[in-house]
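The lines below spell out each chain.
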Amino acid sequence: MTLVSTPSTTAPAGTSAPVRNRRRSHRRPRVLIAVTGLFFALLYLPIAVVALFSFNSQKSLTVFDGFSLRWYRAFVHDDVLIASLGTSLRISLVAMAGSVLLGVALAVGLVRCRTRFGSLAGLIMLVPLITPEIVTGVASMLLFKGLGVPLSTGTVMLAEITFSISYVTVILRSRVAALNPEVEEAAMDLGATRWQAVRLVTLPALLPAVLASAVLIFALVFDDFVLAYFTTGVDPQPLSVRIYSAIRFGVQPTINAVGTLMLAGSIALIALALFIPRLFGRRGGLDILSGE
Amino acid sequence: MDATPAVRLDGVSKQYADSYAVHRLDLDIEAGHFFSLLGPSGCGKTTTLRMIGGFSDPSEGAVLLAGEDVTDLPPNKRNVNTVFQSYALFDHLSVADNVGFGLKRSGVAKAEIRQRVGEMLELVQLAGLAGRKPRTLSGGQRQRVALARALVNRPAVLLLDEPLAALDLKLRRQMQVELKQIQREVGITFVFVTHDQDEALTMSDRIAVMNQGRIEQCGTPEDIYEHPATGFVASFMGTSNLMTGTYRDGEVTLEKGPALAVGARSGIEDGTAVSVSVRPEKIWLSDFEPGMSKLSGVLRETVYSGPTTTYLIELAPGVTLSVLEQNTARARMEDRWTGGETVEFGWRPEHCLVLA
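In order, the protein sequence lines correspond to chains A and B.
Residue numbers for the first sequence follow my numbering, so the first one is 163 and each next one is one higher.
Residue numbers for the second sequence follow my numbering, so the first one is 2 and each next one is one higher.
Just so you know, these hints were derived from the structure itself, not from any lab.
Please note that a few of the clues may not be correct.
Here are the in silico distance ranges between beta carbons for each label pair [claimed, not checked]: (1) Leu263/A x Arg136/B: 21 to 31 Å; (2) Arg356/A x Glu223/B: 35 to 45 Å; (3) Arg356/A x Gly33/B: 29 to 39 Å; (4) Lys171/B x Ala339/A: 32 to 42 Å; (5) Glu113/B x Asn342/A: 46 to 56 Å; (6) Gly140/B x Gly395/A: 51 to 61 Å.
If you're wondering where the values come from, they're calculated on a predicted model, not measured in any experiment.
Positions of the beta carbon are idealized from the N, C-alpha and C atoms, including for glycine.
Start from the sequences and build out the full structure, keeping to the hints where you can.
Okay, structure coming up:
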């Protein structure tokens, strides 16, 4: 009753908004905009050059001669590169499936298991994220050598899975922690067994974050060079390793075309990863990464 | 009362480390009753409910549903359903699929599920929202979905864990009435956990007042309010004037004050120190009846609050009574006191209760 009879002391929202807008346009931070522009220029100029020269009609890497799809055609007809692309795709898919499976299970386990061992495991889990990748790469190679496992596409898959679990777990852990335990109880209350409750209620609630992390892992593994370089066998090598070897024998513009395609693919995947949670009408699964 | 109780707790305890959340609880809940577990937070009422639902295992004792021992059965094997405090709706399913979840689990045919879900949504007045996702609903609507989702399974007992706590006051009052109506309509035993004494009083057939893992008193709302068995019940259920003194010959003499006429109570020896309780609205300020004990004190404060006025009267040093009077036309016409003067008041002896 008091709310109705007391005259409102705050001004209506409409009057304050234009004031704020005017202030914003007056004080446009020119210096900041310039610095930001410079930052992005330095970051993306080399990539832009690669993309531009992938369409060059000549072999030159310094003079742009005219637009052509010649190098893309050359790539499509390069059996070695295509075989490498196939290897990379296979590695990425297997690593994605493996690390998502293990990472989700680990995230659920870390959140639900409230023992001292659990929190210790939670810390250890973060180590791969901060370890220099070359260390992980060398270590994986030495491990495989030591165990007498010949390096092959399979060893790359194993190394990539190990390396990627942490990413999945970091993304999923906050999601799992945010789940309301009463929801799982409600499912059991309505006749579901514990496993059915997880399958019918918990996993669907985690689905957006699971999909987003899967796409992210796919992109990360597909682009990965260091780990692949140390753990791959001879043939057929992953695309990134293949490109590196090719460059040692002189740069072919075909590499520009491959690089541009990989870039486009990665951008599409990352965009998908950010977009998936929005399809489900909730906040993104990559909050941690996008800083939202 | 000779019928098998819908719920029986037989010496049930729940122990955490070295403290008891629930201590040796014995409780019978009659079939078809609206039964409330009432108490402050941490009194063990939710733990008790969770043990009936099967979400928490008793440390000792047995839980019986309709005479059958279900102590070791998981929640999905018990013929009870729960309305959770957070509603715990399945956000990825539509309202209809939420409500139909339990029926689908128990293998009911699709056509029957559709029909029963439809009827239930009708009952909770959500018929038009079957296809919506829970996230798009208001708090009150989500509450109804949670209720429908539990009731549609026709459980023998419905457990409700403070289901109205998240609603604003007006909606809460409305839902209290509706919930009571629905309970009468479906005839299912409701076990309702709340810390709100008004809610318990208005809705329940019987109330168990809990404190520190034990039941302080169990009875009808009127019983509990009019004849509180302990000081805790007297002060938890509404306001009470609690005083301590010495019992002698049907009177209680305050430490530094007069002797008070109290209600008859057997089994108390002369000279025992006791607590007495008298409700503010049971104290008269005028038109005294014969047989009343008449007392006087100094008026310290007058608190006007619309339909009623509360007077704070100092009976003896350190003993201030709160007296509630209706602001009837007659009472308002009189020129009442401003404060500081000595006023007379009294009560019927039976309204001054000697507590255990």
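Is the hinted range of 51 to 61 Å satisfied by the C-beta distance from Gly140/B to Gly395/A?
60 Å, holds
If you check the beta carbons of Glu113/B and Asn342/A, does the distance land in 46 to 56 Å?
Check failed, 30 Å falls outside 46 to 56 Å.
Given a hint of 29 to 39 Å, does the C-beta separation of Arg356/A and Gly33/B actually sit inside it?
32 Å, holds
Is 32 to 42 Å respected by the C-beta to C-beta distance linking Lys171/B and Ala339/A?
34 Å, holds
Outcome for the supplied range 35 to 45 Å, where the beta carbon pair is Arg356/A and Glu223/B:
44 Å Cβ-Cβ, so the 35 to 45 Å window holds.
Beta-carbon spacing of Leu263/A to Arg136/B - inside the hinted bounds 21 to 31 Å or not
With Cβ atoms ~28 Å apart, the hint holds.
When held up to the earlier numbered hints, the structure conflicts with hint 5 and nothing else.
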